[in-house]
Amino acid sequence: MKKDLKIIFTGPVGAGKTTAINAISDTDTVSTNESSTDELRYRKNSTTVAMDYGIINMVDSKRVHLYGTPGQERFDFMWDILIQGGMGLVLLVDNARPDPLEDMQFFLQRFGDFIQRTRVAIGVTRMDISSTPRLNEYQTLLNDQARNIPLFEVDARVRQDVSILLQSLLHSLDHQKR
Amino acid sequence: MQARETTIEAPPVRIAALGIDERIRNSLRLFFHDSCKDRFQLVEEETADAVIIDLDHRKGVRLAREQRQLHPTTPVIVISRDPRETGSLISLLKPLKKRSLAKALLRAEAQAKEPQNLSSTLPSLQIATAPATPAEESGDDVVMEGVPSNSAGYQIARHLAEKDIQAFLGSTPDIDTKSAQQQANIRYDPDSFFQGKLRQITAMMKQKGQAVRLQFSDEAFIILYPDEEIAQINMSESRLGALSAVPISPGGLSFSFCDDLFSPDDVAADSLMRLDALLWKTALWASRGRIPYETDLHRAVALDRWPNLTRLLLLPNTLEIAALWAEQPHSLIETAAKLKIPQRYVFGFYSAVFALGLANTGETLKTLDYIPIAADTGEKQPASASWLSNWIPFFRSKNG
Chain A
1 MKKDLKIIFT GPVGAGKTTA INAISDTDTV STNESSTDEL RYRKNSTTVA MDYGIINMVD
61 SKRVHLYGTP GQERFDFMWD ILIQGGMGLV LLVDNARPDP LEDMQFFLQR FGDFIQRTRV
121 AIGVTRMDIS STPRLNEYQT LLNDQARNIP LFEVDARVRQ DVSILLQSLL HSLDHQKR
Chain B
1001 MQARETTIEA PPVRIAALGI DERIRNSLRL FFHDSCKDRF QLVEEETADA VIIDLDHRKG
1061 VRLAREQRQL HPTTPVIVIS RDPRETGSLI SLLKPLKKRS LAKALLRAEA QAKEPQNLSS
1121 TLPSLQIATA PATPAEESGD DVVMEGVPSN SAGYQIARHL AEKDIQAFLG STPDIDTKSA
1181 QQQANIRYDP DSFFQGKLRQ ITAMMKQKGQ AVRLQFSDEA FIILYPDEEI AQINMSESRL
1241 GALSAVPISP GGLSFSFCDD LFSPDDVAAD SLMRLDALLW KTALWASRGR IPYETDLHRA
1301 VALDRWPNLT RLLLLPNTLE IAALWAEQPH SLIETAAKLK IPQRYVFGFY SAVFALGLAN
1361 TGETLKTLDY IPIAADTGEK QPASASWLSN WIPFFRSKNG
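Quick note, the sequences are listed as chains A and B, same order.
Note that our numbering numbers the first sequence so that position 158 is 158, with each residue one more than the last.
Quick note: to get our numbering, add 1000 to the position in the second sequence (first position is 1).
Careful, some of the hints might be misleading.
[Claimed, not checked] Below, a list of computed lysine-lysine pairs in the DSBU-like style, where the Cα atoms sit at most 30 Å apart:
#1 B/K1037 / B/K1094
#2 A/K62 / B/K1094
#3 B/K1340 / A/K6
#4 B/K1037 / A/K62
#5 A/K6 / A/K62
#6 B/K1103 / B/K1178
#7 A/K6 / B/K1094
#8 A/K62 / B/K1098
Think of the hints as simulated: they come from the structure by calculation, not from any bench.
Since we're looking at a predicted model, the values are computed, not measured.
All chains should be built: construct the whole structure from the sequences, respecting the hints.
So this is what it looks like as structure tokens:
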């Protein structure tokens, strides 16, 4: 039976969701972007309003579908729709934002039910721009989580980084207690 | 039950495309995937084994010159509309034909495998701006599909990959856990290796808050910085490996604390390594697929937290083992049996996470519902798990 995988990429504006999906997708990604509003323009010229979509083609015509949520909260009406049927969540957190730890907490809470049913892997991006907070500060917050969540420094432009993040998610799903 | 060997496939050759627009890059990706069976992979310049440069791009010639200056041993394929004199670079004319592109890629692959030959045969780059007489293309067909797995290039690549893995994981076969002798053979004392000295010195450094300089013979040294948690390494990779792989005699390592103002700001980036990456690597070199003396082979292990694996040396099955221990504690023997991998892969990974202080054989297990499993790997998995298990090898082979 042919059955495809659906993985959701989420995180705040500018965290690299579109870039990460581009980095790992085998096909041209579909992105529905619009010009950023003033408060976002300093960060990026366009922002995703509906979704990003990419595909990883496997053997036997199997595919991994990658869906990126819009980062801005005003588009969060899309989130629940996008995650339907999803197998797992990749959360990207931009370390150069004012309060990335709070960002992580927000998204873990917002997608809490989904994560409870599936799994999440977290990539901290732009650590080359801002080296703090360090990963161990994220880890300290994650200690409160029921699970041991994969957390890595990630450059969303680098396919290998995104691949490792995604593989950690897939392996976590594979070994989860049922 | 003996675990079976995991087949080690030759890694894809990483190709960067410079001065080439996204549409052509996508075509290259498709060509690499469909025609080359993923033998090649499009990557960024920093991680490339070879590069393709479009000389007709306005920066093409400059990019080629820079490439040759900065990376003299990296094979370069140049493409252009008109024939040009490109010295020993691999030259192709537009429009690109599958056969000629495939041949050029195979040449680049061979050069990448033997860079010393490339550098010795490459004079300084001379790219003529005027068209030259086109080189005659051989009419031999190149069929990338079905490149035999016993071809010379494949064999060499596989041999090199196995050698790399052997340097870190050794070659010890699976042990019979009832044999005391075999159990003794897979143990080592981390404290007698550079790994252990490094751990002790790092602990002292963090307590004192001052950088530490480790001095070796001649001009080789390592400086550890506490705030940045990085190491400045002034020695070759092979020497660091040799230093890490053999026990250090008592008093065989001298170090001193640096003054407060010492900082790594002016240090060349390529001589810096993260402290966790250094500890991880030195542990793997010392362990060579063995485990610390006090390790109980049958005691369940959990990960306190995931290591930062995007910045650490990844060895076969690292992600699988990490995920298993993060989700469900297993003993070392159970882990190898469950994942059907050589025990030394599990032992090496354990030694590395042990060096970082992330291996937990006690406290965490209270909350992780440890249930010992039978060593028999023929257990029936829930349908969804089996289905996902079938996916992951494909994904790994595609994405490294």
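List in ascending order the numbers of the hints, as given earlier, that are violated by the structure. 2, 6 and 7
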